[in-house]
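Using the sequences and the hints, build the whole thing.
Protein chains in written order, with the numbering used here: chain A, 654 to 1137; chain B, 654 to 1137.
Simulated from the structure, these hints should not be mistaken for lab results.
Just so you know, even glycine gets a beta-carbon here, dropped at the ideal spot from N, CA and C.
There could be a bad hint or two in this list.
Sample of chain A residues facing chain B (criterion: CB under 10 Å; computed from the structure) [unchecked claim]: (1) G834; (2) L845; (3) M936; (4) G994; (5) A1093.
Given next are the chains, with one letter for each unit.
There are 2 protein chains.
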Amino acid sequence: MLDSNVHAQLAALLPPSALLTSPEDTRPYECDGLTIYRTVPAAVAIPENESQVVAVLKQCYASRVPVVARGAGTSLSGGAMPDKNGVVLSLAKFTRIVAIDPLARTAIVQPGVRNLAITEAAAPYGLFYAPDPSSQIACTIGGNVAENAGGVHCLKYGLTVHNVRRVRGVLISGEIVEFGGDALDSPGYDLLALINGSEGLLAVITEITVKLTPKPQQAQVALAAFDDLAGAGAAVSAVISAGIVPSGLELMDQAATRAVEEFVHARYPLDAKAVLLVEADGMAEEVASEMAEIRRVLADAGATEVRVSKDEAERLLFWSGRKAAFPAIGRITPDYYCMDGTIPRKALPSVLARIEELSVQFGLRCANVFHAGDGNLHPLILYDANAEGEVARTEAFGAAILELCIEVGGTITGEHGVGVEKLAGMCVQFSPGELERFLAIKAAFDANALLNPGKGVPTLHRCAEFGKMRVHQGNLPHPDIPRF
Amino acid sequence: MLDSNVHAQLAALLPPSALLTSPEDTRPYECDGLTIYRTVPAAVAIPENESQVVAVLKQCYASRVPVVARGAGTSLSGGAMPDKNGVVLSLAKFTRIVAIDPLARTAIVQPGVRNLAITEAAAPYGLFYAPDPSSQIACTIGGNVAENAGGVHCLKYGLTVHNVRRVRGVLISGEIVEFGGDALDSPGYDLLALINGSEGLLAVITEITVKLTPKPQQAQVALAAFDDLAGAGAAVSAVISAGIVPSGLELMDQAATRAVEEFVHARYPLDAKAVLLVEADGMAEEVASEMAEIRRVLADAGATEVRVSKDEAERLLFWSGRKAAFPAIGRITPDYYCMDGTIPRKALPSVLARIEELSVQFGLRCANVFHAGDGNLHPLILYDANAEGEVARTEAFGAAILELCIEVGGTITGEHGVGVEKLAGMCVQFSPGELERFLAIKAAFDANALLNPGKGVPTLHRCAEFGKMRVHQGNLPHPDIPRF
Chain A
654 MLDSNVHAQL AALLPPSALL TSPEDTRPYE CDGLTIYRTV PAAVAIPENE SQVVAVLKQC
714 YASRVPVVAR GAGTSLSGGA MPDKNGVVLS LAKFTRIVAI DPLARTAIVQ PGVRNLAITE
774 AAAPYGLFYA PDPSSQIACT IGGNVAENAG GVHCLKYGLT VHNVRRVRGV LISGEIVEFG
834 GDALDSPGYD LLALINGSEG LLAVITEITV KLTPKPQQAQ VALAAFDDLA GAGAAVSAVI
894 SAGIVPSGLE LMDQAATRAV EEFVHARYPL DAKAVLLVEA DGMAEEVASE MAEIRRVLAD
954 AGATEVRVSK DEAERLLFWS GRKAAFPAIG RITPDYYCMD GTIPRKALPS VLARIEELSV
1014 QFGLRCANVF HAGDGNLHPL ILYDANAEGE VARTEAFGAA ILELCIEVGG TITGEHGVGV
1074 EKLAGMCVQF SPGELERFLA IKAAFDANAL LNPGKGVPTL HRCAEFGKMR VHQGNLPHPD
1134 IPRF
Chain B
654 MLDSNVHAQL AALLPPSALL TSPEDTRPYE CDGLTIYRTV PAAVAIPENE SQVVAVLKQC
714 YASRVPVVAR GAGTSLSGGA MPDKNGVVLS LAKFTRIVAI DPLARTAIVQ PGVRNLAITE
774 AAAPYGLFYA PDPSSQIACT IGGNVAENAG GVHCLKYGLT VHNVRRVRGV LISGEIVEFG
834 GDALDSPGYD LLALINGSEG LLAVITEITV KLTPKPQQAQ VALAAFDDLA GAGAAVSAVI
894 SAGIVPSGLE LMDQAATRAV EEFVHARYPL DAKAVLLVEA DGMAEEVASE MAEIRRVLAD
954 AGATEVRVSK DEAERLLFWS GRKAAFPAIG RITPDYYCMD GTIPRKALPS VLARIEELSV
1014 QFGLRCANVF HAGDGNLHPL ILYDANAEGE VARTEAFGAA ILELCIEVGG TITGEHGVGV
1074 EKLAGMCVQF SPGELERFLA IKAAFDANAL LNPGKGVPTL HRCAEFGKMR VHQGNLPHPD
1134 IPRF
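Okay, structure coming up:
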């Protein structure tokens, strides 16, 4: 519930339709893509311009009301989950592509612009916006920056942080700030990377300058079948160590390809234990030469079959299976839990083998569909929320996968963020000193921890509590919803 | 002078040869590449391993003694200038290449390894380390990270920050910290970019994992002559807007080419007002196609002559002039002041024209040799330190160039850093709120401001003092040596 004074003050700052407080209006905002956690917010503000964002933030700052910024709500880590005493600040009306500069190869966009809409707007200039998360039809660029989103093409073209030049935002105090700029480097500390992936904890983003990339002349994808999963993992390293930088290098195991084939008929080889998709792009001669090398490396690495797309239609068909993998899995299981961890490429064969063992140990099926080229795993744990004990087993299985990622020198998130989901993992990944510095940096921007409270970085106190709850090795505790 | 207690304590931590305190031993450390500022330190510590670094820092922290880390001392902004009451911590003994992993395309190196030595060590694997500052024969990778160094190839391959995966260092408290890691992204705030370009203010670097890049099959360079400087500036934009990403795109004006020609005989066209060097690299077919396009664009942009290197020997000859430009200028003037600012590419023609006007206004010659592709200017102001008033005029000219950079949306440094040189410029570039956040971030790592004090980020008090000294618009005040 919002204090009635605060409500009146916010109402004075916004048009009537831009402030929602009744439960039927605020309930749609109770969760994001991680539906397991739900909280109805005290209010939802939907400002129309930056001045209104400033006004709302100033008011919330003065009244010590928490604020959670929200884009399309596609976060998979609860990054946009509301605070029950707080305001959800929706950027849904910030949908303008302000300018495209084909000479500088940049676009200035508002945070509510959908990822794919940038590429569509840049297409007439022969340009595109490279990072392409699976949710790119729906997710917005503001959320992409907040989570430092990745995607299939990030191996060659980089993550969001590598494709953003400037971020404009508003601090909780109402002060307007800019990170980065038109120049490649700037004096002072580099805070552009800090705002990327800061999960809404430092500022509310109001405008972004993104880099645009020239569209490659041609692209071709090789589909390779393997009769064991570890072999496919080893082939990933073989491709990279051959000096090839594919524009996409994705792995799907048999559980995934079978589910996909029933759904989109992408003509994947169903008897294969794993399938690799390896894309080359660039000039025609470059693609031809790289594809010949890819064929050779995949054959040497033990592929039982390698098919190369003959034309653009076949290339899109091969990719259609990968792009539809998550909904396809959704058709064969009541529920699934999409994990996100990153490991060094060389650890792929051993980690994939270990996940197969864990699947048997926990008695839960697991499908693997992931960005193999940059070691970003997405094991999907298949479960039934209505079956006795399966939710707890699923969470324990997921936690074991994350600990495995840390053990081999990887991290607990590749592109989905920490949000509320992985706070406990942060206590395992980082030392108290590291967490203290994170908290000090947070305090440099938001000393009262009003922006997206209880997300991203746990307090040391919270880590101590998690530690007590940690009943046996191999299992992280249930990721609760803590507060700073 | 070091307190005798502190001296005794440091002496107990280090081998006798690793602690210098007599003036004849410490004087060689009084300045770096920016020789205009000199301070003899109280002591110089030359630790042999990380444990000794930790011990020295712990002792200095306990005794509140300032510490300035130093690599090869090639900084052009006074980044390694000592504090007279402090210890210079030299990383000169940290020269080991710890490991090269051709599969992961990374090298683990100590901070005292020379930039070029990494490329030499990676060559047997067909790899190289991409950022190549002009000082790459001498400068060390630790300093490259501290200053976020650039170079000719940064347009295509990125700055230091884009080529570093992990930085290990020691805080002033003695705590060992790691930034980044083997994975492409990591949870928590992205502090890897923060340590890059932090100018020794946050931690002393003890180990770095750099990315290595596959050596291109082929490279070719076009040398284009222009009969006016602004036209050459416009041609830079034309190349980029044609969708070409050259591996190098450098501009030299007539003052520079004439000085160079006398020195290295690179066969530059001496009647041209400006020369562009545009390099393409990649596969043979790719280079051929890109070079044809570069030729066409340069001709359309008004080049009076375009020559393309016929073989590797000619390519190196064309580059020899660019690489030798600074010493060549040194031959034709008693002194020169190398400026460093960055502007949006589209502003190149107008800014170059304005610099020519300023040259007349201040009565000082100016040569331009710079990374045109990424808008990183290096105007060299030619002066004679012994001529009445020339130093002051030079500084005023330099300040006017930097203000011009800010005016067109650029920044006061491209790759040389702020150091002691550009503290006043920081007050112009950033708002008090921005500086306050920089200082708060500094405090998260070094609350007592003991690491490299008086560099990088001015206090608000200091900015107020600069403001009072600022006598008339267009001229920044003399860059003094302030303290936090």
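The hints, checked one at a time:
1. The interface hint given for G834 (chain A) is met, as the beta carbon of that residue sits about 7 Å from the closest beta carbon of chain B, less than 10 Å.
2. Evaluation of the L845 (chain A) hint against chain B yields a held restraint, the C-beta minimum of about 7 Å falling below 10 Å.
3. With 10 Å as the threshold, the beta carbon of M936 (chain A) comes within range of chain B, its nearest partner Cβ sitting at about 6 Å, so the hint holds.
4. Checking G994 (chain A) against chain B by beta carbon gives a least distance of about 9 Å; that is within 10 Å, so the hint holds.
5. The criterion of a C-beta within 10 Å of any C-beta in chain B is met by A1093 (chain A), whose closest approach is roughly 3 Å, and the hint holds.
Comparing the model with each numbered hint stated earlier shows that all of them hold.
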